[in-house]
Amino acid sequence: MSSRQRDRRAPSRELAHFAPAPALAVLLLACLCAFVAALCIGSVAIDPGTLLSSMTGMSLGTGADAGQSALASTLLALRLPRAVTAMAVGGLLGLSGALLQSLLRNGLADPYVLGISGGASCAALAAIALGLGAGSIAACSAVGAFCALFALFVLARRELFARDAALDQGRDSAILLTGVMIASLCAAGMSLVLALAPDGRLRTMVFWLLGDLAGAVHLDIALGAMACWAILAAVAARDARALNLMLGGDLQAFTQGVATTRVRRRLIAITAIATGTAVSLAGAVGFVGFVAPHLARRALGADQRAMLPAASLLGAFLVTLADTLARSIAAPLQLPVGALTAIIGVPVFLWQLQRP
Amino acid sequence: MSDPILSCRGVAVRFGERILIEALDWEVRPGERWLLAGPNGAGKSSLLLVLAGARRADAGTVRLGGAQLASWNAAHLASLRALVTDRWVDPFAVPVRKVVEAARFRLDETRDGGVRAGSCLEEMDCAALAQRDVRRLSRGERQRVALAAALAQEASLLLLDEPLSHQDPRHQSLVLERLARKNHFACIAAMHNISAAAGFATHALLLAGDGSWHAGPSSEMLTTVMLEKIFGTRITQIEMGVHRVFVSASGAPV
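In order, the protein sequences belong to chains A and B. So for the first sequence, my numbering puts the first residue at 1; every next one is plus one. So for the second sequence, my numbering puts the first residue at 1; every next one is plus one.
Since the hints were derived computationally from the structure, they do not count as laboratory data. All figures in this text were calculated on a predicted structure; none of them were measured in a lab. We treat Cβ as the ideally placed atom computed from N, Cα and C, and that holds for glycine. There's no promise every hint is true.
[What the hints assert, rightly or not] Simulated restraints, written as ranges between beta carbons of each label pair: (1) A/262 with B/181: 43 to 53 Å; (2) A/157 with B/140: 58 to 68 Å; (3) A/173 with B/177: 54 to 64 Å; (4) B/154 with A/234: 28 to 38 Å; (5) A/130 with B/59: 57 to 67 Å; (6) A/29 with B/156: 21 to 31 Å; (7) A/19 with B/136: 13 to 23 Å.
[To be verified] One-sided excerpt, in silico: chain B residues whose CB lies under 7 Å from chain A: (8) 54; (9) 245; (10) 249.
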């Protein structure tokens, strides 16, 4: 018994992580619960039973029940696209952040660090300032994200495309620095647009910058984002073992049989598409892409086969939860989801850091 | 004589204007253990990178496993050669066991992957470290884990850059003895501890750092005359039973 006590006091030098399969199952369940909550909770609550009957399109009860059911379907038509989009945006940001932290071997990286979102934000703000519609804003931000990615690939072509694996040293920081410079340039562009924009549109622009899901009203776009998440996650999962080795440096991974240049290029493209999609749907929702990989890694370890899906699911859970709170906590006032993600995420992260 | 696993024809390694190795003709066969020795900056690590396919030779051709090095893809190269440097990048907490298992990437982790990884750890006296966080190991322990990972890769040629640099005396002999037992593959080790290597290496490649080099059986290469020529300092040899110890002018064993 005394030895057990000693063990508990001494900082354990062995790594205790949760087993991947049950942990992923729990995360999936949590996502489902958050999704149902997002459909039920709001300025008018729907009870889950009514939700189920209106979703299956069957009204089983009396006339009063039927009236309630009609209300439920109306609310559902509003909340379903938003909940699905929240889920997809969180999943994409979690995946993108996890990939970038692993690729750059740096826990400070997030989906926005390479300037992809900067390009998207800059273009979206310009579109808002010009008074374009929601569809055009999303399209503009997608184009902006693509332009930023293209700039990164051109400027860091030596680091990204060189075949010489011995160039290992300083390669990550060159990619990172190029990305940070692109992001800085985009930030300057954004301040310029903000300064020049008409006053009436500033509020929309600020909400966009903080991340806001109020524009997610089309179910087909939401389902498209969901499909995008599923495809990108599946493609990234194929490189999870290679990424495990690349954590130990490109030179070592190459000698162990990984075609490092090809894997790196593919994964950076995936993060860019994921970030660009998320940002064009919901604006620059902050913090999720940074904190989800950290929490996933602390719970499951750095093995990318478990960490990538876990970070993705955790991101989806966090954004769905944050958006539900954002539109119900001060209803009928709607808060930007980006503010809520950080308000929930920071205490959780700090609590995690305090643990031994 | 068996076919060489590695052969160099006219290989040159340069560093900007400096010529480190020139016109290297060299063959390594299975079962041979080569010591790679020379002064600091003579091109030992660069040559190992060239042989690993991670750096282009500045002239000449390297053939590995019967074909030009550049013609192999990364996965096949991993079955031909493994490289152990003494610089490790460990950004995140990973258990030691997983580091060694991951090294079997090209082998498509079969059911016995974990068992093989475990036995490689045991061979390098790291079995007790299996569950530990790789970032919390001492440098000597981390180095033996890297060696275990290279063994787990099951390549035909081991390229080792300073494999003993962080090892205590007991583990120096343990590592060399365990590596010497693996006589089905070849080994090239860059080392400064010539006395330790003398009992281990069957052959030696000496690099002077000015382009010139000498290759041959260790009985011909590891002599005071050759070593003095390469290192440019007085070296004395002391016989201690079956062991040979080389001592520099200051009395320090080399």
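Quiz prompt | Numbered hints the structure breaks, given as an ascending list | solution = The structure conflicts with hints 1, 2, 3, 6, 9, 10, although it agrees with all the remaining ones.
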